[in-house]
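Residues per chain are reported as follows:
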Amino acid sequence: ETGVTQSPTHLIKTRGQQVTLRCSSQSGHNTVSWYQQALGQGPQFIFQYYREEENGRGNFPPRFSGLQFPNYSSELNVNALELDDSALYLCASSPLGTQGSNYGYTFGSGTRLTVV
Amino acid sequence: QKEVEQNSGPLSVPEGAIASLNCTYSDRGSQSFFWYRQYSGKSPELIMSIYSNGDKEDGRFTAQLNKASQYVSLLIRDSQPSDSATYLCAVKKGGGSYIPTFGRGTSLIVHP
Numbered sequence: 008e009t010g011v012t013q014s015p016t017h018l019i020k021t022r023g024q025q026v027t028l029r030c031s032s033q034s035g036h037n038t039v040s041w042y043q044q045a046l047g048q049g050p051q052f053i054f055q056y057y058r059e060e061e062n063g064r065g066n067f068p069p070r071f072s073g074l075q076f077p078n079y080s081s082e083l084n085v086n087a088l089e090l091d092d093s094a095l096y097l098c099a100s101s102p103l104g105t106q107g108s109n110y111g112y113t114f115g116s117g118t119r120l121t122v123v
Numbered sequence: 382q383k384e385v386e387q388n389s390g391p392l393s394v395p396e397g398a399i400a401s402l403n404c405t406y407s408d409r410g411s412q413s414f415f416w417y418r419q420y421s422g423k424s425p426e427l428i429m430s431i432y433s434n435g436d437k438e439d440g441r442f443t444a445q446l447n448k449a450s451q452y453v454s455l456l457i458r459d460s461q462p463s464d465s466a467t468y469l470c471a472v473k474k475g476g477g478s479y480i481p482t483f484g485r486g487t488s489l490i491v492h493p
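Chains as they are written, first to last, in our numbering: chain L, 8 to 123; chain P, 382 to 493.
Honestly, the hints are just simulated from the structure, not real lab data. Ideal placement from N, C-alpha and C gives every residue a C-beta, glycine not left out. Possibly wrong hints are sitting among the right ones.
Among chain L residues calculated to face chain P with C-beta under 10 Å, some are [stated by the list, open to error]:
hint, residue
1, L95
2, F114
3, G115
Generate coordinates for the entire structure from the input sequences, incorporating the hints supplied.
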């Protein structure tokens with residue numbers, strides 16, 4: 008059974024650029040969530056995808072967008088990068104996206120994004 | 382009031398002691414509660430989940446839930462230096478929400 012894999016592991020971008028982060032969910036997991044974690048803070052929810060549809064969104068601007076593919080892998084796209092976007096971006100998968108799910112997350116190793 | 386609150390610490394305990402980590406939450410209808418461990422520079426790892434009032438034990442870890450008082454705690458018995466990490470509390474609301482909200486985490490240091 009493979010875990011959650013994210014790529015790339017580290018990335019340096021210039022303010023105003025665009026970035027795409029990728030995530031492959033754990034085998035058997037059909038729900039993918041993305042979180043942003045700034046240094047010293049807890050993970051902040053960006054959005055969740057279930058069956059290729061956005062299933063919930065946190066308090067992030069529209070320049071944060073995403074996709075989920077038929078194989079449940081996912082992408083996070085960020086346009087017009089700002090310095091404050093520098094953070095660890097975490098992808099997490101879980102087996103169910105339906106209401107009442109009691110499953111916890113399996114996290115990927117994260118992508119460390121630095122915007123200069 | 383934040384949805385999920387944790388003391389950021391650090392909480393420092395000697396090796397072999399019991400470490401007690403606490404978390405309070407604001408939504409009285411919350412249904413599911415999780416503890417994650419995050420080593421420095423690594424991603425969070427699920428260590429415990431609890432849904433009913435009372436205690437749930439797993440090895441050296443015990444999660445305690447008190448819905449009336451809106452708090453959940455994690456006890457680590459016989460603490461080891463390898464337990465030194467940040468412990469994140471996550472709470473799923475009821476009413477159809479299935480997306481957990483995380484606290485900022487408590488840093489635990491276990492010194493030899």
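Tested hints:
Of the supplied interface hints, the one on L95 of chain L holds, with its beta-carbon coming within about 8 Å of a beta-carbon of chain P, less than 10 Å. A least Cβ separation of about 4 Å between F114 of chain L and chain P falls short of the 10 Å threshold, and the interface hint therefore holds. Because the smallest distance between the Cβ of G115 of chain L and any Cβ of chain P comes to about 6 Å, under 10 Å, the interface hint for this residue holds.
Of the numbered hints given earlier, the model fails none.
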